Every structure is written in C-alpha cells, then in structure tokens.
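Protein chains in written order, with our numbering: chain Y, 1 to 352; chain F, 1 to 277; chain A, 1 to 265.
Hint data in this document are derived by calculation from the structure and do not stem from the laboratory. Owing to the predicted nature of the structure, the values given are computational and were not obtained by experimental measurement. Treat the hints loosely; a few may be bogus.
What the hints assert, rightly or not - Dumping the calculated PhoX-like pairs for lysine-lysine here, alpha-carbon to alpha-carbon at most 20 Å:
no., chain 1, residue 1, chain 2, residue 2
1, Y, 66, Y, 105
2, Y, 29, Y, 66
3, A, 230, F, 229
4, F, 5, A, 11
5, F, 229, F, 67
6, Y, 131, A, 97
7, A, 11, Y, 105
8, A, 230, F, 96
Stated by the list, open to error - With the Cβ distance kept under 10 Å, some of the chain Y side facing chain A (calculated, not the full set):
no., residue
9, 48
10, 82
11, 88
12, 92
13, 101
All C-beta atoms, glycine included, are put in the ideal place defined by N, C-alpha and C.
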Amino acid sequence: MTYALEFKDVSKSYNENIAVDTISFTVNKGEFFSLLGPSGCGKTTTLRLVAGLEEPTSGDIFIDGKNVNDLEPHLRPVNTVFQSYSLFPHLSVQENIVFGLKIRKFNQQEIEERLEEVISIIDLKEYLKRKPHQLSGGQQQRVAIARALINKPDVLLMDEPLGALDLKLRERLQVEIKAIQESLKITTIYVTHDQNEALAMSDKIAVMNQGKILQLDDPESLYEKPSDPFVANFLGNSNVLKGKIENNVFNSEYMSNIKVDSELSGNAYLILRPEIISFDIEPSSDEQRNSVVGVVEHILYRGSWVDIVVNVNGVKLEISKENNFQISLPGEGEKLYLSWNIKKAWVLDGED
Amino acid sequence: MKISKFNNLLGLPGVVFLTIFFLTPSLFIFSYIFGTRTPTGKTSFDKIYFDSFQQILDFNVLPIIIKSFNTAVIVTILCLLFGYPFAYQIRKFSNKYKYFSLFLISIPFLTNFLARTYAWKILVSKNGLLTKLLSIFTDTESLLFTDFAVILGMVYVYLPFMILPIFSSLENIEDSLLESARDLYANPFKTFYYVTFKLSLPGVIAGIVLTFIPSLGAYIIPQILGGSKAMYLGNFTVLQYIQASNWPLGSLVSLIILIFMAIAINILFKFEGQKNL
Amino acid sequence: MNVINRKLGLKLNYFFVLLFIYLPIFLMIALSFNESKYFNQWTGFTFKWYQQLFENQNLISAFNNSVIVALSSTILSIILGFGIALFMFRVKNKFSKTIEKFIYVPIVIPDVTMAAMMLVFFVFLSNFIDLKLGTLTTIISHTAFNISFVAVLIGSKFTRKLKVLEEAASDLYANNFQVIKHITLPFVMPAIYASVILSFILSFDEVVISMFVTGPGSTTLPVYVFSMIKKGITPVVNSISSLMLIFSLILVSGVLVLSGKDGKI
Numbered sequence: 001m002t003y004a005l006e007f008k009d010v011s012k013s014y015n016e017n018i019a020v021d022t023i024s025f026t027v028n029k030g031e032f033f034s035l036l037g038p039s040g041c042g043k044t045t046t047l048r049l050v051a052g053l054e055e056p057t058s059g060d061i062f063i064d065g066k067n068v069n070d071l072e073p074h075l076r077p078v079n080t081v082f083q084s085y086s087l088f089p090h091l092s093v094q095e096n097i098v099f100g101l102k103i104r105k106f107n108q109q110e111i112e113e114r115l116e117e118v119i120s121i122i123d124l125k126e127y128l129k130r131k132p133h134q135l136s137g138g139q140q141q142r143v144a145i146a147r148a149l150i151n152k153p154d155v156l157l158m159d160e161p162l163g164a165l166d167l168k169l170r171e172r173l174q175v176e177i178k179a180i181q182e183s184l185k186i187t188t189i190y191v192t193h194d195q196n197e198a199l200a201m202s203d204k205i206a207v208m209n210q211g212k213i214l215q216l217d218d219p220e221s222l223y224e225k226p227s228d229p230f231v232a233n234f235l236g237n238s239n240v241l242k243g244k245i246e247n248n249v250f251n252s253e254y255m256s257n258i259k260v261d262s263e264l265s266g267n268a269y270l271i272l273r274p275e276i277i278s279f280d281i282e283p284s285s286d287e288q289r290n291s292v293v294g295v296v297e298h299i300l301y302r303g304s305w306v307d308i309v310v311n312v313n314g315v316k317l318e319i320s321k322e323n324n325f326q327i328s329l330p331g332e333g334e335k336l337y338l339s340w341n342i343k344k345a346w347v348l349d350g351e352d
Numbered sequence: 001m002k003i004s005k006f007n008n009l010l011g012l013p014g015v016v017f018l019t020i021f022f023l024t025p026s027l028f029i030f031s032y033i034f035g036t037r038t039p040t041g042k043t044s045f046d047k048i049y050f051d052s053f054q055q056i057l058d059f060n061v062l063p064i065i066i067k068s069f070n071t072a073v074i075v076t077i078l079c080l081l082f083g084y085p086f087a088y089q090i091r092k093f094s095n096k097y098k099y100f101s102l103f104l105i106s107i108p109f110l111t112n113f114l115a116r117t118y119a120w121k122i123l124v125s126k127n128g129l130l131t132k133l134l135s136i137f138t139d140t141e142s143l144l145f146t147d148f149a150v151i152l153g154m155v156y157v158y159l160p161f162m163i164l165p166i167f168s169s170l171e172n173i174e175d176s177l178l179e180s181a182r183d184l185y186a187n188p189f190k191t192f193y194y195v196t197f198k199l200s201l202p203g204v205i206a207g208i209v210l211t212f213i214p215s216l217g218a219y220i221i222p223q224i225l226g227g228s229k230a231m232y233l234g235n236f237t238v239l240q241y242i243q244a245s246n247w248p249l250g251s252l253v254s255l256i257i258l259i260f261m262a263i264a265i266n267i268l269f270k271f272e273g274q275k276n277l
Numbered sequence: 001m002n003v004i005n006r007k008l009g010l011k012l013n014y015f016f017v018l019l020f021i022y023l024p025i026f027l028m029i030a031l032s033f034n035e036s037k038y039f040n041q042w043t044g045f046t047f048k049w050y051q052q053l054f055e056n057q058n059l060i061s062a063f064n065n066s067v068i069v070a071l072s073s074t075i076l077s078i079i080l081g082f083g084i085a086l087f088m089f090r091v092k093n094k095f096s097k098t099i100e101k102f103i104y105v106p107i108v109i110p111d112v113t114m115a116a117m118m119l120v121f122f123v124f125l126s127n128f129i130d131l132k133l134g135t136l137t138t139i140i141s142h143t144a145f146n147i148s149f150v151a152v153l154i155g156s157k158f159t160r161k162l163k164v165l166e167e168a169a170s171d172l173y174a175n176n177f178q179v180i181k182h183i184t185l186p187f188v189m190p191a192i193y194a195s196v197i198l199s200f201i202l203s204f205d206e207v208v209i210s211m212f213v214t215g216p217g218s219t220t221l222p223v224y225v226f227s228m229i230k231k232g233i234t235p236v237v238n239s240i241s242s243l244m245l246i247f248s249l250i251l252v253s254g255v256l257v258l259s260g261k262d263g264k265i
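Turn these sequences into a full structure, and let the hints steer you where they fit.
Written out as structure tokens, the structure is:
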C-alpha cells in the first residue's frame with residue numbers, strides 16, 4: 001500500500017539550529033493528520049518540507065510513493081493554505097481562486113467547471129469579484145482554502161489557518177473544514193498549536209517538541225494514554241506528578257501511599273486528568289479510590305464548568321467540574337478531600 | 001536546486017557590471033597614486049613613486065583639506081540648525097499641510113542643482129539682493145567669490161537632504177510614545193530630549209551623512225560661487241585632472257576624500273549603534 | 001522657554017526656510033523674462049532669451065545627448081538593478097550580504113572621486129581597445145551609480161509579505177518566470193516607476209562625472225550650461241536654468257504622485 005505521505009528520517013537544520021530532528025511518519029490517503037506543538041517545535045518547518053518550500057538536510061520525503069526531495073514546489077501535487085492568507089492583493093477573489101489552473105493553462109471550460117464545484121462546497125458566490133482587502137478574515141480564509149482545493153491536490157497543507165480568527169468563527173470553520181475534508185476524502189496535513197482544535201478535527205495527531213515527534217496517535221489515545229510527560233501536559237490540563245513506584249504504590253514529595261494500577265517500578269510519572277478527580281468534604285472510604293486532602297486556592301468560573309485549584313501538601317492539583325448548579329462549590333481556604341478511581345489514573349515510566 | 005541557481009543568475013549581470021565598471025576603476029585610482037607625472041602630462045609607472053605624497057606637502061594641500069573639512073562641518077551644523085526645527089514643525093501639521101510641505105521641500109531635493117546654485121549666484125553677485133541687504137550692515141561689496149557665499153550656497157543646496165531623513169524618522173515616532181512620557185511626569189523639554197530627539201537620531205545621522213559627505217567633496221558649488229581661486233578638495237582634484245594633468249596627485253586627493261567619507265560614515269553609524277534610551 | 005515663544009520660533013523658522021529656498025528660484029525664473037541683460041533693472045517682459053536657446057545649436061545637441069544618455073542609462077540600470085534587488089531579496093548567503101553593504105557605495109561616493117575613477121579607467125582601457133571618451137563612456141558611468149539607486153529603491157519594496165505571496169504562487173504551480181511576471185513585478189511596480197524617473201533625473205542632471213568622461217561632440221546639457229555659468233551671468237543661462245528646473249519639477253512631481261499612491265518611499 002502506498003502512503004499519501006511518508007517521511008523517512010528527515011532532518012532540517014539552519015546552520016547550527018536544528019529545526020526538525022530525524023522524524024519519520026506516514027500518512028494514509030484521506031487522513032486528517034495534525035502536527036501539534038508549541039511555537040518553534042518544528043511543525044511549520046515540517047509542513048514546508050512537504051510543500052517543497054524547504055529542502056531537507058537529510059532523509060527522504062515520499063508523496064504517493066515517489067521521492068520528492070529534489071522536486072521543486074511548483075511541480076509538487078500539493079497545495080498550501082498559509083497562515084496569513086497570502087491572497088494576491090492585486091487579483092480579485094475569482095482570479096485568486098483559479099490562479100493555479102490558469103498557470104497550468106487549463107482551458108476556460110474546465111476552469112469554469114471546477115470553479116462551480118468549489119463554490120458549491122465553499123459559499124463564495126457573493127464576493128467573487130471583490131478584492132481581498134475588502135473581505136473579512138473569515139472570508140479571506142475561505143478563499144484561501146478554495147484556491148487550494150480547486151487544484152485537487154494529492155495532499156492539502158494547512159498552516160495554522162484559523163490562528164487569526166476569534167473563537168466563535170474558529171469553531172465554525174473547524175466544523176466546515178472537517179466536513180469538506182471528509183466529503184472530498186482529501187489527505188490533509190494540519191499544523192496547529194491549539195490542542196483543542198487538533199483533538200476535535202484529526203484522525204491522527206503527531207505531537208512535536210524541539211524538532212522531534214514525541215507521540216503519534218489518534219486523539220483519544222493521546223489524551224488518555226500519553227507516552228510522555230510533555231504530551232500529557234500539552235494536551236489538556238493535567239496534573240503530572242513525579243515520584244517512585246514500588247509494589248503498586250506511588251510515593252512522591254507531596255503525596256504518599258497512592259495505589260496505582262501498574263506493573264512499573266522505579267521512577268515514574270502519575271498523571272491525573274482533572275475530569276477523573278472528585279471532591280468532597282469528607283474523605284472517601286471506597287477501596288477502589290485514592291484519597292488526599294488539600295486546601296482550596298482558587299475557583300475559576302468558566303461558565304459551563306468550574307476549575308478548582310487545590311493545594312495538596314505543596315503541589316497544586318487542578319480539578320474540573322461541570323457546573324450543574326446543584327452541588328455547592330467550596331470556598332477559598334476550605335479543606336477539601338480529593339479522590340479518584342485507582343484504575344483511571346495513568347502512569348508513565350520516568351527516566352533514571 | 002534550480003530555483004537558487006536562477007536567483008543567483010538574476011544578480012549576476014548587475015554584479016558583473018559593477019565589478020567591471022565600478023570596483024575596477026576604484027582599484028585603478030588606487031594604483032595611480034604610485035605613478036608620477038611625466039613632462040608630457042602622461043603618467044609613468046616604471047617604478048613605484050611616492051611623488052604624489054610629497055606633493056601633498058609641497059603644494060600646500062593640507063590647508064585645503066582643513067578648509068574643506070571645516071566648511072563641511074559648518075555647512076552640516078547650519079543645515080542641522082535650521083533643518084531640524086523645520087522637520088519638527090512639519091510633523092506637527094495635519095496631513096494636508098504635511099504632505100504639501102514635503103512636496104515643497106522635495107522639489108529642490110531632486111531638481112537640477114546646477115540651476116539652483118546658479119540662482120543663488122544671482123543673489124550674491126555684485127548687485128544681488130543679498131549683497132545689497134548685507135551692505136546695509138557691513139562693508140561688503142560683493143559676496144560672490146567669498147567663502148561665505150560658498151558656505152551659504154552649500155546650505156542652500158543641501159538643506160533638503162537634511163530635512164527629509166529627519167522628518168522621516170520623526171514621522172515614525174508614534175504620538176502614544178510622547179503621551180506615555182508625559183504620563184510619566186516628563187515636562188515638554190524632557191519629553192523632547194529623552195524621547196523625540198533620541199528616537200529621531202537615525203534620521204539625524206542620515207541627514208548628517210547626506211550633508212557632510214557631498215560638502216566635503218563639493219566641486220560645482222565652490223567653482224560657481226567661489227570662482228577659480230577657491231580652493232577646496234573638489235576643485236583641487238578637478239584641477240589636477242583637467243588642467244595640471246597630474247593624475248597621481250589628483251588620484252591621491254580623490255582617495256583622501258573617499259577615506260574621509262568612509263571614516264565619517266563609520267563614526268556616525270557607530271554613534272548610532274551606541275545610543276540607547 | 002515660553003511655550004508660545006517656542007511655537008512662534010518654529011513657525012518663523014519654517015517660513016524663513018521656505019523663503020530661503022524659493023526666493024532665488026523665483027527670482028531666476030522672473031529674470032529669465034526680463035528684457036534687460038542686467039538683473040538690477042527690469043525693462044520689460046520678453047521671451048527672447050528662450051528664443052535664443054532654441055537657436056543655439058550647441059545647446060540643442062547637448063540636450064539631445066543628455067536625453068540619449070539618460071534614457072540609455074535608465075534602461076540599463078533598471079534591468080541590472082532589478083536583478084540585483086531580487087537577488088539580494090531571495091539569496092541570503094555571505095556573498096549577498098556583502099553586496100547588501102557595498103551597494104550603497106556608488107550612492108554616497110563623492111562625484112569628484114567617481115569622475116576621476118572612471119576617467120582613469122577609460123583612458124587605461126583605450127590603450128587596448130578602440131574606446132574614445134564619449135556618449136558610451138558617459139552611459140556606462142551613469143549606469144554605474146544608477147544601478148545602486150535602483151537596487152536600493154526597488155529593494156525597499158521587497159518585504160516579508162512579498163515572500164509569502166511568491167511562495168503561495170509557486171505552491172500554485174508557477175515557475176520562476178511566472179512568479180516574477182504575475183506576482184513580483186505587479187507588487188513592486190510603483191518602485192519601478194519611481195526608479196525610472198529617479199534614474200532619469202540623476203543622469204540628466206549629472207555634471208562632474210559627465211564633465212570628465214564625455215568627449216567633444218558628446219557634451220551633455222549640464223556640462224554645457226556649467227561652462228556658460230562659469231563665464232558669467234548671461235540671461236540665456238537664466239532661461240535654460242529655469243527650463244531645467246521646471247523640467248525636473250515635472251519629473252519629480254511624477255515620482256511623488258506615484259509613490260504617494262502606494263505609500264511613502
């Protein structure tokens with residue numbers, strides 16, 4: 001089976017700066033694949049390597065089975081939606097969209113057919129004749145996507161396309177983009193630093209940091225079973241505790257005698273997702289649960305849920321509870337008992 | 001990769017042209033310093049001569065260098081003195097008057113400077129307006145062919161060169177910066193000194209460079225306003241080439257002008273680099 | 001210092017400077033219409049000094065030479081300068097960084113030094129090839145400094161934004177030529193127009209270098225006028241100077257209008 005995209009030990013460095021450090025991965029046809037990580041982790045560089053806008057220092061890149069290392073951007077069957085829209089300011093929306101077709105000398109009929117197709121997917125009819133600067137951010141974004149899609153690329157690349165938009169617009173476009181991608185079954189590589197976005201849209205996510213891929217998995221696995229403390233921290237709020245495990249008991253500087261469901265021993269990380277922690281004014285007597293006591297530091301009201309930060313012997317644990325208006329919330333400074341089901345905590349091997 | 005080869009090729013014709021027709025001539029000048037003038041007016045290179053250096057001393061070139069330098073300094077200071085307030089004033093105007101003033105200043109900036117120098121000559125001649133004006137106060141009969149006329153003429157021609165860069169950097173200072181300074185208890189004078197002036201320094205330096213360097217090597221202006229007796233570096237150089245056919249000496253003096261220029265630019269840019277708010 | 005005094009001082013300086021700059025110009029233009037040869041008496045309005053210009057064969061041929069030289073050096077410098085600007089924008093290695101520094105030299109170099117350089121060079125060359133000082137040498141010399149102005153002026157328009165647009169275009173299948181044709185050129189067109197006018201003016205007005213490297217029969221207008229001025233103040237000089245001034249004025253207005261459309265230079 002040929003992969004839509006394959007990276008084999010690809011590195012990219014600028015003088016002494018290593019932007020991408022020997023990464024390998026594959027992307028299946030029709031997959032929505034995200035590169036997720038903080039600024040400077042190498043995700044945008046990786047994307048540009050696919051587009052051909054950067055050359056790999058070492059390693060091989062294959063698109064649809066073909067080695068494209070020496071292939072220039074304008075010869076690759078990929079199209080990019082850039083971060084800052086990059087619509088050609090001197091051309092109208094329509095001229096922007098059909099640019100790739102005109103350059104390749106498609107005839108007028110084909111151009112019109114494809115334009116109709118794209119417009120039926122992305123609603124742009126109203127402003128085809130306008131110039132980019134007359135459009136809002138969201139509209140420009142749709143044009144950029146249309147401009148890429150009309151060329152029916154083998155791989156669609158998107159570089160943080162929703163970064164500059166406000167929350168509501170972002171959420172709406174996330175749904176739209178995902179819907180388009182699914183209906184067209186187009187292989188998409190999506191770069192973002194927003195973990196919620198990646199979790200919501202992707203089939204697979206590669207979490208990157210400092211040029212390396214730390215974990216590549218589907219969203220559920222990444223969130224519930226991170227393989228690395230960085231990944232655990234990056235995806236969602238989580239409480240990551242460092243300590244030692246011996247005989248199914250986890251001990252750390254801040255907590256001791258925590259039962260864990262794990263075969264590991266030695267240095268380890270205990271990862272507690274806020275959602276699995278319950279609170280009460282009395283300790284839990286359930287044998288299946290661990291129980292610790294702490295003092296409430298802040299309560300952050302988030303509307304549909306509430307974040308509570310509890311100080312347990314010096315470490316701050318964050319818990320999240322749905323706001324169902326019935327359970328009374330603890331006040332700041334109050335003593336609070338936290339508990340969680342032993343099996344729901346996640347344990348990672350620590351370094352020696 | 002083909003793209004980078006292409007990009008390199010783009011610059012090639014221009015770089016080659018400049019190498020042949022700019023870099024090489026500059027090297028030639030350098031080598032001519034070590035020739036000597038033959039009786040027929042040609043230059044001989046049969047051995048390395050240092051005559052030109054000797055002639056710098058013999059022909060009293062040092063006073064000329066000093067005079068040109070002093071003149072350039074005076075001209076630059078005068079341009080700064082009148083030019084900075086002018087730029088500052090324009091900045092205060094509303095857009096309409098701002099751009100109109102800019103237009104007024106830019107026209108002389110690029111219009112024929114020969115014509116402008118000549119216009120100034122009219123003013124300072126025997127019966128010229130300025131001469132008449134000054135003869136009320138002093139005894140001068142004719143301003144023409146005096147150092148004073150040359151200095152004023154240079155200020156006249158180079159003033160826009162000082163105004164435009166200063167204005168440009170003043171424009172870049174956002175009002176919000178000034179407002180923050182006032183908010184932090186700085187009085188108008190302090191605001192000006194610590195904020196406005198310091199931030200306009202790049203423009204001031206550019207203006208100084210664009211005024212000082214042409215003043216140093218000026219030829220046309222001293223020639224027209226100072227007459228053939230006026231001895232500045234520029235005139236002296238031209239004299240060596242056109243009349244005296246003493247190319248080694250002329251080349252050496254050209255080089256001196258060039259070195260002054262390089263030193264001036266270096267000092268000024270180091271000065272800019274060191275400034276901090 | 002009193003606030004009012006300061007404001008007044010600034011305004012006074014403003015008008016004084018404008019007066020200082022424009023009074024001689026107006027005077028000169030006015031005098032070009034003066035019947036009398038002497039500028040301290042006004043004896044009537046006349047066009048005769050302008051008429052004399054058009055009868056002066058030497059002057060007319062000098063004008064033609066200037067136009068030819070200016071046009072040729074402009075065309076040459078635009079092509080070469082654009083290439084250098086694009087090169088500096090796209091290639092970032094040690095070589096291009098050196099060029100970036102040295103490209104300013106022809107701009108700041110004193111014209112006397114450059115004049116001497118070119119003379120020495122051409123005379124040396126004439127020992128080996130049949131080269132005489134004339135129109136060609138003038139064109140070459142003017143191009144030598146114009147290239148830098150063009151490269152810097154056009155270069156200032158090459159921004160990050162353009163880089164993204166060029167990448168977008170090549171992402172959309174445009175090869176090098178197509179990117180330049182469809183994206184780069186339209187983007188920097190205002191700077192190109194401004195460069196054309198600037199080069200033309202700089203070449204047309206140039207005196208010292210031309211003086212050194214032209215030969216008999218290929219004198220340029222400024223050189224000719226300069227020799228007239230050196231001889232003294234004749235009304236004909238008034239009229240030709242006024243004409244040159246107005247000619248430059250029209251060109252400069254063109255620059256400002258074009259760069260105004262796009263923003264400041």
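Evaluation of the provided hints:
Restraint check: the Cα-Cα separation between residue 66 of chain Y and residue 105 of chain Y comes to about 25 Å, which exceeds 20 Å; the hinted pair is violated. A threshold of 20 Å between alpha carbons decides the hint, and for residue 29 of chain Y with residue 66 of chain Y the separation of about 14 Å falls inside it, so the pair holds. With a C-alpha separation of about 12 Å, the suggested pairing of residue 230 of chain A with residue 229 of chain F holds against the 20 Å cut-off. Annotation: proposed proximity of residue 5 of chain F to residue 11 of chain A is violated, straight-line Cα distance about 56 Å (limit 20 Å).
Pair hint residue 229 of chain F plus residue 67 of chain F holds up; C-alpha atoms about 14 Å apart against a cutoff of 20 Å. Annotation: proposed proximity of residue 131 of chain Y to residue 97 of chain A is violated, straight-line Cα distance about 36 Å (limit 20 Å). Restraint check: the Cα-Cα separation between residue 11 of chain A and residue 105 of chain Y comes to about 62 Å, which exceeds 20 Å; the hinted pair is violated. Taking the CA atoms of residue 230 of chain A and residue 96 of chain F, the gap is about 41 Å. The hint is violated against a cut of 20 Å.
At its closest, the beta carbon of residue 48 of chain Y sits 9 Å from a beta carbon of chain A; the interface hint therefore holds under the 10 Å criterion. Restraint check, residue 82 of chain Y versus chain A: the minimum CB separation of about 6 Å is within 10 Å; hint holds. Interface restraint check for residue 88 of chain Y: the shortest CB-CB distance to chain A comes to about 6 Å, inside 10 Å, so the restraint holds. The restraint placing residue 92 of chain Y at the interface with chain A is violated, with a minimum CB-CB distance near 13 Å, outside the 10 Å limit.
The restraint placing residue 101 of chain Y at the interface with chain A holds, with a minimum CB-CB distance near 9 Å, inside the 10 Å limit.
The structure fails to meet hints 1, 4, 6, 7, 8 and 12 from the earlier list, while all remaining hints are met.
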